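There are 2 protein chains.
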Amino acid sequence: MLKMRIAVDAFGGDNAPLDVLKGSAEAIKLYDDISVILTGKREIIEATAKEHNISMERIKIVDAPSVIEVEESPIKILKEKSDCSMAVAFKLLAEGEADAFLSAGSTAAIVVGASSYIKKIKGVKRAALSTVMPSDTGFFLLLDAGANIDCKPEVLTQFGIMGSIYMEKVMGVNNPRVALANIGEEDCKGDTLRVDTYQMLKDASINFTGNIEARDIPLDGADVVVADGFTGNVILKLMEGMGKVLSNSLKRIFFKNAISKISALLVKGSIKDLRKKMDYTEYGGAPLLGIAKPVIKAHGSSNAKAFRNAIRQARFFVQSTAIKDIEENIKSFSAKKED
Amino acid sequence: MLKMRIAVDAFGGDNAPLDVLKGSAEAIKLYDDISVILTGKREIIEATAKEHNISMERIKIVDAPSVIEVEESPIKILKEKSDCSMAVAFKLLAEGEADAFLSAGSTAAIVVGASSYIKKIKGVKRAALSTVMPSDTGFFLLLDAGANIDCKPEVLTQFGIMGSIYMEKVMGVNNPRVALANIGEEDCKGDTLRVDTYQMLKDASINFTGNIEARDIPLDGADVVVADGFTGNVILKLMEGMGKVLSNSLKRIFFKNAISKISALLVKGSIKDLRKKMDYTEYGGAPLLGIAKPVIKAHGSSNAKAFRNAIRQARFFVQSTAIKDIEENIKSFSAKKED
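Protein sequence lines correspond, in order, to chains A and B.
The numbers in this note's numbering rise by one with no breaks, and the one at position 87 of the first sequence is 87.
The numbers in this note's numbering rise by one with no breaks, and the one at position 211 of the second sequence is 550.
All clues given are correct.
Think about it this way: if two alpha-carbon atoms lie no more than 27 Å apart in a straight line, the pair counts; the simulated DSS-like pairs of lysine-lysine are:
#, chain 1, residue 1, chain 2, residue 2
1, B, Lys-595, A, Lys-261
2, A, Lys-256, B, Lys-600
3, B, Lys-615, A, Lys-261
4, B, Lys-541, B, Lys-670
5, A, Lys-261, B, Lys-616
6, A, Lys-261, B, Lys-590
7, A, Lys-81, B, Lys-528
8, B, Lys-600, A, Lys-272
9, B, Lys-576, A, Lys-189
Pairwise CB distance ranges, derived in the manner of DEER restraints:
#, chain 1, residue 1, chain 2, residue 2, range
10, A, Gly-172, B, Asp-530, 29 to 39 Å
11, B, Glu-525, A, Asp-150, 16 to 26 Å
12, B, Lys-389, A, Asp-150, 51 to 61 Å
These are computed hints drawn from the structure, not numbers from a lab.
Since the structure is predicted, the reported quantities are computational estimates derived from the model, not experimental observations.
Even glycine gets a Cβ: it sits at the ideal position worked out from N, Cα and C.
Whole structure, please, built from the sequences with the hints as guidance.
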């Protein structure tokens, strides 16, 4: 059986390369149909694996000698440092040496890199950073989460189509409810962008359920939330901040004194369940939808589990028909528009 | 001593008129320097007061015979139904018969009404709906929360100035930190509107602390958060939704079984504190800043306590020098710009 090859940037993120290695080894153990190609400084990767006794079975290293400084611009990273770990991983994907790309490096660099090394799906105007977020009792996909600040109605409509296909084909959600983030439910609400996008989304072959007010977003109001990159980024980060408020609030309740600590013991299981639900690492990475090959961005502070789950996500993505389906749906939507 | 007269729309909000009456009577009891003028159908107000044994001491009724249907447009409400409870309250304020206006009715109608019955403060471009929101360990002012979808840099800068003065003079926050809601901290981040507004806010005579990412908004990152009405409304409602998630999460933890209920008893006080902190009614209503007289919007689902606290807020607003200070600061900022 031919194995799926996942190119992983070993030097992206706050916990690289150790947690990248650990996560990769864990994923390899779970799925016997994958292999991992780590890109980065070979000697450091090898030394780290040895020091921490991490198995390198089905993990190949492709040397990438350049080191990126945090403050370097994304364009510079990919143009001038084409032998840095991220660029090398992109090249493996571009040349067919890998089937998917994963990095916890700079979002801007991944967005720029994906569009320069890999082409977009035919007909797609913009690639969208698409983040799976926890909601009150489940999860939803938010796109765009910050890659495209200025969007036109057609761009947002394509986001709706791509998000719907990803949730159905990769995340296994049946007939996903796609909604447009807006400041009211009626179709006349919001600015011109929202009003025009509403009409266009109505004509797409997806389960468009209309506008969604921000209040209903974390309360399971939709499976796919469509937003321009500015609004989407505000939603993403505000939910992160409020997650932190929730966690701080629980700490203040339970760590106040000896009695509150006893109370915490009594509901330990439920607290653990809640923490798990709120934990972004459970949901894998954020795909860059619209790129012709699977490109996944992991959270900058990813730990080993987050990398393992992002590799799992990459595996589902490669196995799915999502990219082909996006191309076909976008094509037929464009044809319909021209009628 | 001359009493402050607060005009209160007795028929605005989900719990009108009963909770409006109750809240007014409670406020009257707390503050002996105020009187309340309730606007609405006299016979219903009188019957409600009698039925619920509510004291009408220092509460006057001004009859407003028209009834507004929920689906009526704000323009229609105020033009065609100029004898509805909200319009009558505005007229009292306009004619100097009242010192402040309070309503839990339609936000759009209040925004339109304030601009037509009362003039804006000299030099102010747009009035901003300004909401006090709970944060992790305190509170902050968000403006605009939804009255102005499209904003120019000068409009946002004025919001910063007005918000700073309100927080200092009415809410008692010393040297409030004013920040611009954006998708990154550096001054080059965001769209043209954000980049230009950043430069203009730097020149205002306020404690401008730069851009704030949405993650830091609920984590006490600023005392005044400046946003266009679309972004501000998304922030407001998403925080409401996440507050509901927090409350649902606590319920799931504590109401699971007999043991979890014992656990809840042990931390009862802390849970109560948290609920109080998250309770919007604690923070009074939302002022419409930029209008030449105090206009306050109470939450649509306000209960008696919310009305009482909104009247308290109106009282502080009238007592303060906020409106005069806004006029002076806006004037000197405009002069500085022209230099």
